[in-house]
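The residues making up each chain are set out below.
There are 2 protein chains.
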Amino acid sequence: MPDSTVHHATFTLTRDLDATPERVWGAFAREDLKSRWFGANADAVIVERTFDFRPGGHERALAQWRNGMMTDFQCQYHDIVEGQHILYVYDMFVGGWKMSVSLATIQVEAKDGKTRLTITEQGAYFGEKGAMHAAGREQGTAGLLDALAASLND
Amino acid sequence: MPDSTVHHATFTLTRDLDATPERVWGAFAREDLKSRWFGANADAVIVERTFDFRPGGHERALAQWRNGMMTDFQCQYHDIVEGQHILYVYDMFVGGWKMSVSLATIQVEAKDGKTRLTITEQGAYFGEKGAMHAAGREQGTAGLLDALAASLND
Numbered sequence: 001m002p003d004s005t006v007h008h009a010t011f012t013l014t015r016d017l018d019a020t021p022e023r024v025w026g027a028f029a030r031e032d033l034k035s036r037w038f039g040a041n042a043d044a045v046i047v048e049r050t051f052d053f054r055p056g057g058h059e060r061a062l063a064q065w066r067n068g069m070m071t072d073f074q075c076q077y078h079d080i081v082e083g084q085h086i087l088y089v090y091d092m093f094v095g096g097w098k099m100s101v102s103l104a105t106i107q108v109e110a111k112d113g114k115t116r117l118t119i120t121e122q123g124a125y126f127g128e129k130g131a132m133h134a135a136g137r138e139q140g141t142a143g144l145l146d147a148l149a150a151s152l153n154d
Numbered sequence: 001m002p003d004s005t006v007h008h009a010t011f012t013l014t015r016d017l018d019a020t021p022e023r024v025w026g027a028f029a030r031e032d033l034k035s036r037w038f039g040a041n042a043d044a045v046i047v048e049r050t051f052d053f054r055p056g057g058h059e060r061a062l063a064q065w066r067n068g069m070m071t072d073f074q075c076q077y078h079d080i081v082e083g084q085h086i087l088y089v090y091d092m093f094v095g096g097w098k099m100s101v102s103l104a105t106i107q108v109e110a111k112d113g114k115t116r117l118t119i120t121e122q123g124a125y126f127g128e129k130g131a132m133h134a135a136g137r138e139q140g141t142a143g144l145l146d147a148l149a150a151s152l153n154d
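Protein chains in written order, with the numbering used here: chain A, 1 to 154; chain B, 1 to 154.
Careful, some of the hints might be misleading.
Each pair may be met inside one copy or between any two copies, as identical chains are not told apart.
Here are the simulated DSS-like cross-link-like pairs (lysine-lysine), alpha carbons at most 30 Å apart as the crow flies [unchecked claim]:
#	residue 1	residue 2
1	K129	K114
2	K129	K98
3	K34	K98
4	K111	K34
5	K114	K34
6	K98	K111
7	K111	K129
Bear in mind the hints are in silico, worked out from the structure with no lab data behind them.
Based on the provided sequences and hints, a complete structural model is requested.
Below, the structure is given as structure tokens:
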């Protein structure tokens, strides 16, 4: 192992959502709809937020958690095909420490009257706990998709 | 499959190089040493080149190939730990078409008096030929590492 450990991991999550593809797309493309499920929650408040949904545009969500922890999602969009896919790269910081760099692909498609959402994350996680953090990221992302699904009913 | 096909693929290549870790690191960190193996070759000339090796810095190599093809490597560095690892994300364009977005990790470590170089690329390749292009990228990267190894003898 190199002195500087980097753990590489990929996960894919799929959800069939009871909403139109346009509505699911909006949950990523529109700040007001994304804010219903991403960032703020019962345990965290957003301290700083930027949102520029276009190729090359940046997004940021700096959050303060109830236990005092700070997380900082710093994202850049690399590819957007309207209604079909979104690729972005994000650095994730926890307490000012860069935990990971990830390439995320969101794919949206009509499926049997519902909408299939697929997210693939190809990540590089720093440090000796990289494998644990990769597993946690997959779990956390699954939780975000639960929140996204719930937000479609609002 | 979504209408907008994205093929995800990861490859890892390792080389034990007969040079010091400092010299191998320089092959990525110094523009003059990188230019010996990356970009220009017997079949391509560099039309435009930028090189800003620091976290957040950009690199670009726009190349014209003997057969007329244009390739455009557009890179941003996301993490650099001196002498240990380099993470960068690059969009690759061929003939103006975005072929892929990749997260690359370079790791350098001393190993039995030589230097072990490991490159891991986690890529998303667009279009119906994505799997073919992923295989080609791995092959092309292996060729680049051959060129890097040869450049160390200069």
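The hints, checked one at a time:
1. For a Cα distance limit of 30 Å, the shortest separation of K129 from K114 across copies, 28 Å, qualifies, whereas the shortest one inside one copy, 38 Å, does not.
2. In this assembly of identical chains, the alpha carbons of K129 and K98 lie at most 30 Å apart only when taken from the same copy (13 Å versus 34 Å across copies).
3. Taking the closest pair of Cα atoms, K34 and K98 come within 30 Å of each other both inside a single copy (24 Å) and across two copies (27 Å).
4. Taking the closest pair of Cα atoms, K111 and K34 come within 30 Å of each other only inside a single copy of the chain (22 Å); across copies the shortest separation is 48 Å, beyond that limit.
5. Taking the shortest Cα distances, K114 and K34 sit within 30 Å of each other inside one copy (19 Å), while across copies they are farther apart (50 Å).
6. Taking identical chains as interchangeable, the C-alpha atoms of K98 and K111 lie at most 30 Å apart only when they sit on different chains, with a minimum of 27 Å there against 37 Å within one chain.
7. In this homomeric assembly, K111 and K129 come within 30 Å of each other (Cα to Cα) only across copies, at 23 Å, whereas the closest approach inside a single copy is 38 Å.
Figure legend: structure checked against the earlier numbered hints; every hint is met.
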